[in-house]
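Number of protein chains: 2
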Amino acid sequence: MSQHLKDALQHTRENRDEVLAQLRDFLTIASISDDPDSKGEVRRAAEWLVDRLKLLKPDRVDIFETEGHPVVFGEILCPDPSAPTVLLYGHYDVQSPEPLGSWDTDPFQPVIHGYNLFARGSSDDKGQIMAMIAAVEAIHTTGPLPVSVKFLFEGEEEIGSPSLGQCLKDHRGEFACNLVLNTDAGMLGPDTPTLVYGLRGMCRFILRVTGPTSDLHSGGYGGVIHNPIHALCELISGMHDKEGRVTWPGFYDSVREMTSEEHDEMAELPLDEASFIEQSGVSRLWGEPGFTPLERQGVRPALDVIQIDAGSPKAAIPVDAQALVTVRLAPFQDPDEVRKQLVSYLETQTPSTVQWEILDWSGFPATLTERDAPGVAALLKAFEIIWGVRPAYYPSGGSIGAVGQIKEILGAHSLLTGFSLPGDHIHGPNEKLHLPTWEKGTMALVHFLYNLVE
Amino acid sequence: MSQHLKDALQHTRENRDEVLAQLRDFLTIASISDDPDSKGEVRRAAEWLVDRLKLLKPDRVDIFETEGHPVVFGEILCPDPSAPTVLLYGHYDVQSPEPLGSWDTDPFQPVIHGYNLFARGSSDDKGQIMAMIAAVEAIHTTGPLPVSVKFLFEGEEEIGSPSLGQCLKDHRGEFACNLVLNTDAGMLGPDTPTLVYGLRGMCRFILRVTGPTSDLHSGGYGGVIHNPIHALCELISGMHDKEGRVTWPGFYDSVREMTSEEHDEMAELPLDEASFIEQSGVSRLWGEPGFTPLERQGVRPALDVIQIDAGSPKAAIPVDAQALVTVRLAPFQDPDEVRKQLVSYLETQTPSTVQWEILDWSGFPATLTERDAPGVAALLKAFEIIWGVRPAYYPSGGSIGAVGQIKEILGAHSLLTGFSLPGDHIHGPNEKLHLPTWEKGTMALVHFLYNLVE
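Chains A and B are the protein sequences, given in the same order. Convert by adding 967 to the 1-based position in the first sequence; the result is the number in the numbering used here. Convert by adding 967 to the 1-based position in the second sequence; the result is the number in the numbering used here.
Heads up, a few of these hints could be off.
Remember, identical chains collapse to one label, so a pair may be satisfied in a single copy or spanning two.
Within a straight-line C-alpha distance of at most 35 Å, the following computed DSBU-like cross-link-like pairs (lysine-lysine) qualify [to be verified]:
(1) Lys-1307 x Lys-1209
(2) Lys-1281 x Lys-1407
(3) Lys-1021 x Lys-1281
(4) Lys-1281 x Lys-1209
(5) Lys-1374 x Lys-1281
(6) Lys-1281 x Lys-1136
(7) Lys-1307 x Lys-1024
(8) Lys-973 x Lys-1348
(9) Lys-1307 x Lys-1407
(10) Lys-1348 x Lys-1307
(11) Lys-1136 x Lys-973
(12) Lys-1209 x Lys-1348
(13) Lys-1209 x Lys-1024
Note that these hints are calculated values from the structure, not bench results.
One chain only, chain A, in its complex shape:
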């Protein structure tokens, strides 16, 4: 181990409390990207990051404006022009903390209980951003960087990264890199450092069912008019068969088959039925037959209605009923094909007593990481050094829109990892960051940046 690396690791340990204090400050900013009233807070988070990056004495730091929330850019060059450039990706926006009443503490007043830091964004994704900054800082403070580093921190990940693509096109040269490290993908457990080799794609849309031309008194029309709420429930109910398979015609036709190696690897991961039950609090799992829970989550598609907003307490049969639906896509499923499958389902299954329409459709495909992609070996080695175990090679069920856009526009591949844990309640109440894991993660990132040039 070189002296510089030793010094960098030492600096990481000594700097830990200072970085944690900074993270706590960062977490007080309510940068909720889907809330128009929080626009100022979102910008304040971007500016906070600019100020923080300036402490690194970077070659450049900037805010790139977009049609939505701004993108933060930073750059620190390696003295050796032949060294690779790593783009470190994170997002400074957070999900809404609603319902506030379900939190034990104020989501924007970070509190440490035991080993955990509780706050909205602690794990997703501000803690991850700070781990990357701290790792770069430790190396850069103690000697020359072994690689060039760029930062890309966006403010719209939680709303599907609608402005990122144009920003990448507008700044293609500035963002040019050899590989991307994306620490927004999490890990399987505190003792299981993880390289995520797959992300599911996503389609998102509103299904609207319409009936009468005005709300009708349920006394005067109950039993005579097909209630759009019932019709919507019937359509949703019919989207899965009794065993949990999606019924849209052709839905599974193009889904990638698992290799037997993949199947065996997944069976060894510490995510069995019992762990899913424990994390979720349900008494029994559910889903497509013939696959393990982890396979259903990681490499099989899933259809979830995430919201229904229909009717009112008034005793009336409403004009319409709407459901907000997401479909997590498996590799090789094409969003446009999936939309056709949905239309085919609706055309054949909707009764003639109501009409349907699809609103606000959006979609992007799944991504897969090849095992010999740049940086994979460096990351796995860093994890082995810190955790002393063989890292998990894991297909996540999540979806990160930025990954596909970066691949398409910059031509760069993303390494997907991170230090959030399955029980961190990201997107839910009482989101937390497990601090010992976060510290290990920061140390591992120091090794990773070094490993890239060994």
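Put chain B on the given structure of chain A with help from the hints.
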């Protein structure tokens, strides 16, 4: 026709514009009983009525406080102590006008277009209250009343009359009467004066389905956990068979069979399939096979989910999903039995992946009017005089909680009629009152009060 009756009818005609102006003023009060923020407006409507009744120089007028909104009481005695006492029932509260955007005009700024007066409450029920007041006023101003008259105007009809029962018990003597006229039941068409001989009962409850102990990211758990929204939709979907019959075990067992006379009478009413289609704007009707639309609405039960509030735009599988459900009960269906049928359905149909519970259950049975009940002949004769046609004898699909409570506590029977029309959009946007019908109704009420002692 007596001179007094002639004078009273003349007074009704001459007073029409004045009463209409008063009604317009009354309609500017946003007395929305289910809105806590409108509590002051609800009280203001009660006080408005007290002031209006005082113009009749009554023997007594008062506000009775309840745990909820107040009840307005008024009394005008007949000089002849052997004359019967008629209790005139109405409600001064209104449904919420939401969604406001669907109204063409401000719901609380009454506007006349052609023959119609548009405002929330114009037809349901402030216009009906003013018709009763105007009829009593016309007779009382021009001579002695032929009967004693009492007024009962409640402020909680639209929320199921939760405080009325206790108020009736507290003031049993003051409300004592020989019969009740309830003008909140409407009529079948402008040329079809109507005596409503049946009202459906109602059960109302929330069905809550619960799953995981916290909201779960749909990327990490989609395909693994049974989404409570899906489970709720499956349960709702299963509550009707493909043809529209309710599937709760034993649901139809105690429903009263129609008589053949009733069937023939209903077939003659001006409410055929085409009229339901025209009123609702749907392309095809729906419901229990083997019955006409009018029969399904009037004498058969109906189950309607009137609201679903579940999930959020966050990509999460939620902790729970709730549906607000109403069941319109046919005569002889017992609310307690219906609850048992629901429980039986839920126990056998809910998958073991989720739990269910029933919240906020309330229920009251249907009511039926015998054809020889007091006042029936007087009302039918009044309608024949004014409209020149044989009145319709009609089983309404609606539900009025007050009717059962009055029968039970005061021992008095309610005559159900009214001058709102099927196209008046009560409970919906652009509620209106058809003024020529309203004027005829007022005249008919003058005749009715006279007919009671002929």
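Exercise for the section: If the cutoff is 35 Å on CA atoms, where do Lys-1281 and Lys-1407 land: within, between, both or neither? Let me know, please. Expected result: between (55 Å within a copy, 30 Å between copies)
Practice task
Go through the copies and call it for Lys-973 and Lys-1348: within, between, both or neither, with a Cα cutoff of 35 Å.
Solution key: So Lys-973 and Lys-1348 pass the 35 Å test inside one copy only (16 Å; across, 104 Å).
Practice task
At 35 Å max between alpha carbons, let me know whether Lys-1307 reaches Lys-1024 within a copy, between copies, both or neither.
Solution key: neither (51 Å within a copy, 72 Å between copies)
Exercise for the section: Classify it for me, Lys-1136 with Lys-973: is the Cα-Cα distance of at most 35 Å met within a copy, between copies, both or neither? Expected result: Close neither inside one copy (39 Å) nor across copies (86 Å); limit 35 Å.
Handout entry: Intra- versus inter-subunit Cα pairing at 35 Å for Lys-1348 with Lys-1307
Key = Classified as neither; 44 Å inside a copy, 63 Å across copies.
Handout entry: Intra- versus inter-subunit Cα pairing at 35 Å for Lys-1307 with Lys-1407
Key = The answer is neither: 46 Å in one copy and 57 Å across copies each exceed 35 Å.
Handout entry: Lys-1307 and Lys-1209: within-copy, between-copy, both or neither at 35 Å Cα
Key = Both ways: Lys-1307 and Lys-1209 sit 23 Å apart in one copy and 26 Å across, limit 35 Å.
Exercise for the section: Classify it for me, Lys-1021 with Lys-1281: is the Cα-Cα distance of at most 35 Å met within a copy, between copies, both or neither? Expected result: between (56 Å within a copy, 33 Å between copies)
Handout entry: Homomeric proximity label, Lys-1209 with Lys-1024: Cα distance no greater than 35 Å
Key = Intra 59 Å, inter 69 Å, cutoff 35 Å: neither.
Problem - Alpha-carbon proximity between Lys-1209 and Lys-1348, which holds within one copy, between copies, both or neither at 35 Å - result: neither (45 Å within a copy, 60 Å between copies)
Practice task
Please work out whether the CA atoms of Lys-1281 and Lys-1209 approach to 35 Å or closer within one copy, between two copies, in both situations, or in neither?
Solution key: both (33 Å within a copy, 26 Å between copies)
Handout entry: Same-copy or cross-copy closeness of Lys-1281 to Lys-1136 [CA-CA at most 35 Å]
Key = between (50 Å within a copy, 28 Å between copies)
In summary, the structure is inconsistent with hints 7, 9, 10, 11, 12 and 13 from the numbered list given earlier, while agreeing with the others.
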